[in-house]
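Engineer: Sequence:
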Amino acid sequence: MSNMIKTDVLIIGAGLAGLSTALSLPKSLNITVLSKAALEVCSSHYAQGGIAASLDKADSVTEHVADTLIAGAGLCATDNTARILGAGQQAVQWLCEQGVPFTQSTLTKENDNTPDFVVLKTSDLHLTKEGGHGCRRVAHADDATGRHVMDALITKAQAATHITILPYHEALELLTSPIISSSSFSMNDSEIRHCRGALVFDHINERQLTIHSSAVVLASGGLGQLFKRASAPNVCVGDGVMMAWQAGCRLANLEFIQFHPTGLALDDSSFLISEALRGEGGRLYCPQTGVRFMLDVDERAELAPRDIVARAIANQISSNGLGYVHLDISHLPAAFIQAHFPQIYQTLLALGIDMTTDPIPVAPTAHYSCGGVVTDANGLTDIAGLYAAGEVAYTGLHGANRLASNSLLECVVVGRNIAANLPRYLTKLDRLKNLEALEKMPQPHTTAYYELHQLAAGIWQYPTLENTQFVILPSSKQSSLPTYNADKAFHSDVAIAEITIALKALLTANMGITRSDEKLEQALRQIEQWQESIEHNKTMLSDMSSKALTTDSELDIFQLVRQLALATMIVQSAYQRFESRGGHYREDYPNLAETPLTSIILPLRKTTLSSFSHIIENERCPIPVTDHI
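For what it's worth, this note's numbering labels the leading residue of the sequence shown as 3, then goes sequentially.
None of these hints come from the bench; they were simulated from the model. Note that beta-carbon positions come from the ideal geometry of N, C-alpha and C, so glycine has one too. Be aware that a few hints might be false.
[Unchecked claim] Pair ranges (Cβ atoms, derived):
{"hint": "1", "residue 1": "Glu534", "residue 2": "Gly101", "range": "30 to 40 Å"}
{"hint": "2", "residue 1": "His214", "residue 2": "Ser321", "range": "24 to 34 Å"}
{"hint": "3", "residue 1": "Lys158", "residue 2": "His214", "range": "35 to 45 Å"}
{"hint": "4", "residue 1": "Leu606", "residue 2": "Ala337", "range": "53 to 63 Å"}
{"hint": "5", "residue 1": "Glu500", "residue 2": "Thr64", "range": "30 to 40 Å"}
[To be verified] Below are the DSS-like pairs computed for lysine-lysine, each with C-alpha atoms no more than 25 Å apart in a straight line:
{"hint": "6", "residue 1": "Lys123", "residue 2": "Lys59"}
{"hint": "7", "residue 1": "Lys158", "residue 2": "Lys131"}
{"hint": "8", "residue 1": "Lys131", "residue 2": "Lys59"}
{"hint": "9", "residue 1": "Lys8", "residue 2": "Lys506"}
{"hint": "10", "residue 1": "Lys435", "residue 2": "Lys29"}
Please model the entire structure based on the sequences and the hints provided.
Structural biologist: The structure is reproduced here in structure tokens:
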């Protein structure tokens with residue numbers, strides 16, 4: 003059995019972003035898609051509410067953009083936001099063409115005598131309303147939109163002969179190399195690198211693989227499982243963010259973790275109660291007083307943006323000591339509830355809650371990371387040949403607080419944009435390699451050398467950012483990077499499971515809905531202690547390529563070290579933002595800063611981007627912090 007695979011395009015992640023990209027790429031390309039677990043284990047599958055787009059005649063892209071900018075609290079990238087939302091109608095129509103069974107409007111159903119297999123049009127769809135939206139613009143498939151969307155796309159992808167899906171294959175590290183093979187070739191005294199594949203752990207056969215590809219699409223999801231109560235599946239621990247950062251990509255706005263206001267507050271449940279319930283008239287009450295408290299918080303009441311509703315619920319919970327508030331929709335007809343929310347109704351009924359008559363206990367749940375790997379609206383990152391889409395990426399669409407149901411739209415739009423851009427990149431790469439081979443590395447100051455130089459310079463359009471500030475990472479943390487050396491012994495006395503559980507509790511308590519200098523400093527000290535204990539007991543921090551990961555214990559500690567490094571970056575980003583904005587609320591800095599700035603973490607590996615010189619000139623100086631708190 004070979005430990006090496008060659009493919010044209012490697013897609014890391016089989017959620018909506020990954021499969022939208024795969025299905026939109028030319029069929030002439032050989033595409034390999036990795037799924038960290040089973041195909042249904044992804045955040046896209048669990049999405050309930052729907053996909054937001056301006057589909058109604060009374061709506062417009064301009065209004066959708068305006069609502070998104072308001073929710074994003076001044077941190078949305080306006081150009082990317084307009085580009086992504088402007089493609090909303092086309093994205094939803096594409097999903098219709100893939101066979102997604104969106105819920106149709108009552109009027110359409112009554113007047114439509116066409117067969118069921120006819121492709122739906124966006125004008126046929128029933129639209130609901132969610133928090134922060136000024137009108138109904140959320141297309142949905144009952145109350146299980148994500149499952150219906152993913153079922154349709156998985157069926158399409160599995161039937162495609164040019165797409166190979168590998169479940170239970172976990173990416174460990176991105177592979178990069180000079181875009182020009184000769185080490186003597188440089189541009190502006192810096193080597194240009196491109197992504198050429200990944201190291202992967204095959205859980206089925208318990209072996210490490212090397213997958214070589216001409217381009218890589220990172221669609222690995224978010225980092226919600228770093229928190230105790232999270233809606234994301236267990237695979238979402240931010241490994242894609244870390245791989246990109248270690249390879250040479252900037253990260254942005256990691257401190258903005260969106261908490262969904264209404265997760266089911268029953269035992270350790272991570273089940274979400276869709277925002278669509280509030281869109282259709284659901285109300286929030288204090289269980290003790292019966293007061294509908296959102297009326298006094300925001301004029302939009304239960305349909306205020308998620309950060310506002312989540313904070314209001316958290317404040318109620320801190321006062322009532324119950325751990326939940328009540329969400330009640332029982333004033334609506336039972337038949338309406340059962341028809342519009344069949345999944346939620348059945349799930350709750352199995353747990354002893356009849357939502358047609360009973361209130362639902364809810365509490366905020368870690369739901370979405372608004373920051374991630376810096377990309378543009380076409381998914382291009384800071385490394386040539388590496389694209390990113392979905393929750394792992396930062397396009398600037400979500401700003402400081404994601405507007406409900408914009409995430410599924412972003413997955414489809416950016417995935418399709420990547421599919422349009424990637425073949426052009428491959429053509430340029432082929433031209434470059436052919437010219438390099440033909441000229442056999444020409445000497446400097448020759449015409450051939452200049453032509454090669456120009457081709458390399460124009461092969462990639464790197465993303466740019468405005469109004470940014472650097473986050474400083476203590477130098478002592480740089481040593482805690484998850485690379486692996488099996489030549490050194492692994493010591494089992496590292497309490498991996500215990501630290502993993504404790505990390506979730508720590509971030510939930512200290513990096514949750516409300517934060518403070520004291521809480522964040524405490525979190526940083528505790529994470530550092532864990533890092534030091536692991537450093538003392540394990541020796542897996544040299545060159546991963548020296549020997550492959552072969553055991554579960556080796557992989558577990560590799561993952562834990564990476565999670566602790568990511569947790570440090572998240573907390574430092576929050577610690578160095580001296581304001582409250584969107585999903586980031588500081589008790590000690592409750593007001594908005596005068597100028598909204600995007601937090602940037604520069605890559606671990608010195609970037610080779612010739613464009614970085616002018617990017618950095620436009621960025622604010624970093625906030626000075628000490629190595630040790």
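Engineer: Using the C-beta atoms of Glu500 and Thr64, is the stated range 30 to 40 Å upheld?
Structural biologist: 52 Å, violated
Engineer: Tell me if the straight-line CA distance from Lys158 to Lys131 falls inside 25 Å.
Structural biologist: It is violated: about 29 Å lies between the C-alpha atoms, which goes past 25 Å.
Engineer: Are Lys131 and Lys59 close enough, with their CA atoms no more than 25 Å apart?
Structural biologist: Between Lys131 and Lys59 the Cα gap is close to 15 Å, so the pair holds against 25 Å.
Engineer: Should the hint that Glu534 and Gly101 are 30 to 40 Å apart at their CB atoms be regarded as holding?
Structural biologist: 53 Å, violated
Engineer: Given the hint that Lys8 pairs with Lys506, does the C-alpha gap stay at or below 25 Å?
Structural biologist: 37 Å, violated
Engineer: Check the following: the C-beta atoms of His214 and Ser321 are separated by a distance inside 24 to 34 Å.
Structural biologist: The hinted range 24 to 34 Å is violated for His214 and Ser321, with Cβ atoms some 57 Å apart.
Engineer: Can the suggested window of 53 to 63 Å be confirmed for the beta-carbon pair Leu606 and Ala337?
Structural biologist: 56 Å, holds
Engineer: Has the hinted range 35 to 45 Å been met by the Cβ atoms of Lys158 and His214?
Structural biologist: 26 Å, violated
Engineer: Taking only the CA atoms, is the gap from Lys435 to Lys29 under or equal to 25 Å?
Structural biologist: 23 Å, holds
Engineer: Would you check the hint for Lys123 and Lys59, treating anything up to 25 Å between C-alpha atoms as holding?
Structural biologist: 14 Å, holds
Violated hints, in rising order: 1, 2, 3, 5, 7, 9; the structure is consistent with all others.
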